[in-house]
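J.: Each chain is listed here by its residues.
There are 2 protein chains.
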Amino acid sequence: MPFERTAYQTRLSRLCSSSFFQGEIQALILFDLNNIRYLTGFSGSDGVLVIRPPTAILLVDGRYVTQAQEEAQDTDLYHYQDKVDGIEAVLEPKDGDRIGFEASAVSYEFYQKLADRLREERLKPLSEELNNLRAVKDDDEVSCIRRAAELAGGVLEAVARTIRPGISERDLALEIDFGAKRAGAERMAFETIVASGANAALPHAKPGRKILEYGDLIVVDYGVVSEGYCSDETCTFCLGSADDRKREIYARVKESHDQALEAIRPGVPCSRIDQIARSCLAKYGLDGYFTHGTGHGVGLEVHEAPRISRNSDTILVEGMVVTIEPGVYLPGQWGIRIEDTVLVHENGADILTKMPKDFIIL
Amino acid sequence: MPFERTAYQTRLSRLCSSSFFQGEIQALILFDLNNIRYLTGFSGSDGVLVIRPPTAILLVDGRYVTQAQEEAQDTDLYHYQDKVDGIEAVLEPKDGDRIGFEASAVSYEFYQKLADRLREERLKPLSEELNNLRAVKDDDEVSCIRRAAELAGGVLEAVARTIRPGISERDLALEIDFGAKRAGAERMAFETIVASGANAALPHAKPGRKILEYGDLIVVDYGVVSEGYCSDETCTFCLGSADDRKREIYARVKESHDQALEAIRPGVPCSRIDQIARSCLAKYGLDGYFTHGTGHGVGLEVHEAPRISRNSDTILVEGMVVTIEPGVYLPGQWGIRIEDTVLVHENGADILTKMPKDFIIL
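As they're listed, the protein sequences go chains A and B.
Residues 1 to 362 in the UniProt record's numbering are what the first sequence spells out, letter by letter.
Residues 1 to 362 in the UniProt record's numbering are what the second sequence spells out, letter by letter.
Since the hints were made in silico from the structure, they are not lab data.
Careful, some of the hints might be misleading.
You can't tell identical chains apart in this list, so a pair holds if it fits in one copy or across any two.
[What the hints assert, rightly or not] Okay, derived cross-link-like pairs now, DSS-like style, lysine-lysine, Cα gap no bigger than 30 angstroms in a straight line: (1) K124 - K210; (2) K254 - K354; (3) K83 - K206; (4) K210 - K181; (5) K124 - K83; (6) K206 - K357; (7) K246 - K283; (8) K83 - K254; (9) K181 - K113; (10) K283 - K357; (11) K254 - K357; (12) K357 - K94.
All values derive from a computational prediction rather than experimental measurement.
With the sequences and hints as input, model every part of the structure.
T.: This is the structure we're talking about:
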């Protein structure tokens, strides 16, 4: 379902009237394709957006003219032969103006060409200033993420029923990926993690040839992209039977997860959420085994602002969509991670992911 | 199968003794992960290679230390906390030296940090100078590409037998992708193209909901990655029966493909190969419908040097691996492309791709 045309108009006019253009820059060149998609709807893999309030011009080459006309109906289009020529053409120089650009989304090589043409002193590199552009989601975006999470959950629920000792991590990951694509996912949001036994103690394990065995804990961290938006969820299953230690630590991780979720509401610092998840595990002497941040924003990218971590300085705002994903990793033994993606709602966390997070024995 | 250790030593020492370091630079910072893999074996997704002949140091962060130790056994390792700090630490300044870096593989934002630390005047941006670093393949690389092409061909051969009217382009593409991964491919080399009917007239069509119909031409352009190396091949099948016009144009495209293949040998300019493919189609008045270059190099990336096009200034060298892929696209009607990946051998083209290129009616 395409967005209402006004979603893009709203986003663009919000950016145009932001403090951004009150200060030292009069125009902005965007290269990051997710930011361009967010502001215009254009989903092609090459293009530039030039904003000089109140106008925004999307620049594309011949491959993308038709697609841009269809997708970016609220934005003026410019068809370039050469990208630098195009940017120069739409940015008619005005005396003394300064032009911000996304310094992390452009190569030094391209920057050099641009600086030669536009005069280096007019260009102002921006980096962190734009980090939060997409952090607060509007209703259309939340609906997309919700649908992506529903699609993903339906697939994992079906695939989980088929998990048996004897199949490999890699084949299980393939079943999830293939199921998601059959169900209509554009692609996976990231390489699906299926980590079992000692591999589950590695937070970023790649699914390998290891065969799932009776008694294994299996961490499945997966997400799909649907309508451009990502889902992100982690389930830890137990295959066969679980000993008391696994049950106990699962309950601790779940408690950490639940306490962090309960603390979510507008106005709470992200660092506080991280602290709550972490100190819950600390009560049981497990915080040393929780070796990553508690969560991150999810949207057009699977990792975007805000970060839910110790040193985040972001305050939660209604409309942010973030993951909560505490874990405990016992090196050489096994690991457990429990992750949901949630909307920061005025009343608290609205959980978008669909799989139950109770201890599930397959 | 891992490369013999000496393959990396050979590549590094060839680079170290090249004209590169005879001229104005004394050290080189590589950011491109394919170039780093080529020179060291390291296949992680973040790292930096600093070369000051005769030494080469691979810099990685904590996530990749173990992997780098295993994969990059011929290269010294440096474990950094901060990437710029690490580069500064291994590049002890020497008076008057200049340091080349890959300007297209680093963001302006990172460049700024580096220039602040190393002094901008020491840094020399390189771009086209490094384009041909990987163009000539050694035997190990050719074996990898050959195995990737064999894996891919086996999958398409099996899937092609199942193609029937009524399935969608997207589902056929999924069967190919899933089959390839089941057969051991790391991933697809690019998004598989399945384009039928009028979609086949778009060289870069995305597989969509269109249902394959009796009489359709179906362009399948696909490649797998195996042991890091890509394959690239295009077959055009006919579903059901073909009229004379389709048979005739298929034969013309095949003739163009075959003539280009026959012309391949060391010493021939890439532009000449393109011209041969193009003028063959021109004999039949079809060159106006051949709207892209004739081919490109294939290796760790599916598109790499050299380009087989009108304005290429590269001369074929024994050991290059390139595609030959002429096509005819009749807008709104249908299209035909025939593509093989071949090794430039002293006696001519050694075809690495495996599917037959005769006119196949399914």
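J.: From the Cα coordinates, with 30 angstroms as the cut-off, is the pair K254 and K357 best called within, between, both, or neither?
T.: within (8 angstroms within a copy, 57 angstroms between copies)
J.: How would you classify K124 and K83 at a CA-CA limit of 30 angstroms: within, between, both, or neither?
T.: both (19 angstroms within a copy, 23 angstroms between copies)
J.: For the identical chains here, do K124 and K210 meet the 30 angstroms Cα criterion within one copy, between copies, both, or neither?
T.: So K124 and K210 fail the 30 angstroms test inside a copy (50 angstroms) and across (46 angstroms) alike.
J.: Given a CA cutoff of 30 angstroms, do K246 and K283 count as a within-copy pair, a between-copy pair, both, or neither?
T.: For K246 and K283, the Cα distance is within 30 angstroms only inside one copy (17 angstroms; across copies 73 angstroms).
J.: Between K254 and K354, at a C-alpha cutoff of 30 angstroms, which is it: within one copy, between copies, both, or neither?
T.: within (16 angstroms within a copy, 52 angstroms between copies)
J.: Treating 30 angstroms as the Cα threshold, decide for K83 and K206: within, between, both or neither.
T.: Cα proximity of K83 and K206: across copies only (24 angstroms, versus 38 angstroms in one copy).
J.: Given identical chains, is K181 near K113, meaning Cα to Cα at most 30 angstroms, within a copy, between copies, both, or neither?
T.: neither (40 angstroms within a copy, 41 angstroms between copies)
J.: From the Cα coordinates, with 30 angstroms as the cut-off, is the pair K83 and K254 best called within, between, both, or neither?
T.: neither (51 angstroms within a copy, 35 angstroms between copies)
J.: Quick one: K210 to K181, C-alpha cut-off 30 angstroms, is that within a copy, between copies, both, or neither?
T.: Answer is both: 24 angstroms inside a copy and 16 angstroms across each meet the 30 angstroms cutoff.
J.: Give the relationship of K357 and K94 under a CA distance limit of 30 angstroms: within one copy only, between copies only, both, or neither.
T.: Neither, since 57 angstroms and 58 angstroms both go past 30 angstroms.
J.: At 30 angstroms max between alpha carbons, let me know whether K206 reaches K357 within a copy, between copies, both or neither.
T.: within (22 angstroms within a copy, 37 angstroms between copies)
J.: If the cut is 30 angstroms between Cα atoms, do K283 and K357 qualify within a copy, between copies, both or neither?
T.: within (21 angstroms within a copy, 67 angstroms between copies)
Hint violations for this structure: numbers 1, 8, 9 and 12, all remaining hints satisfied.
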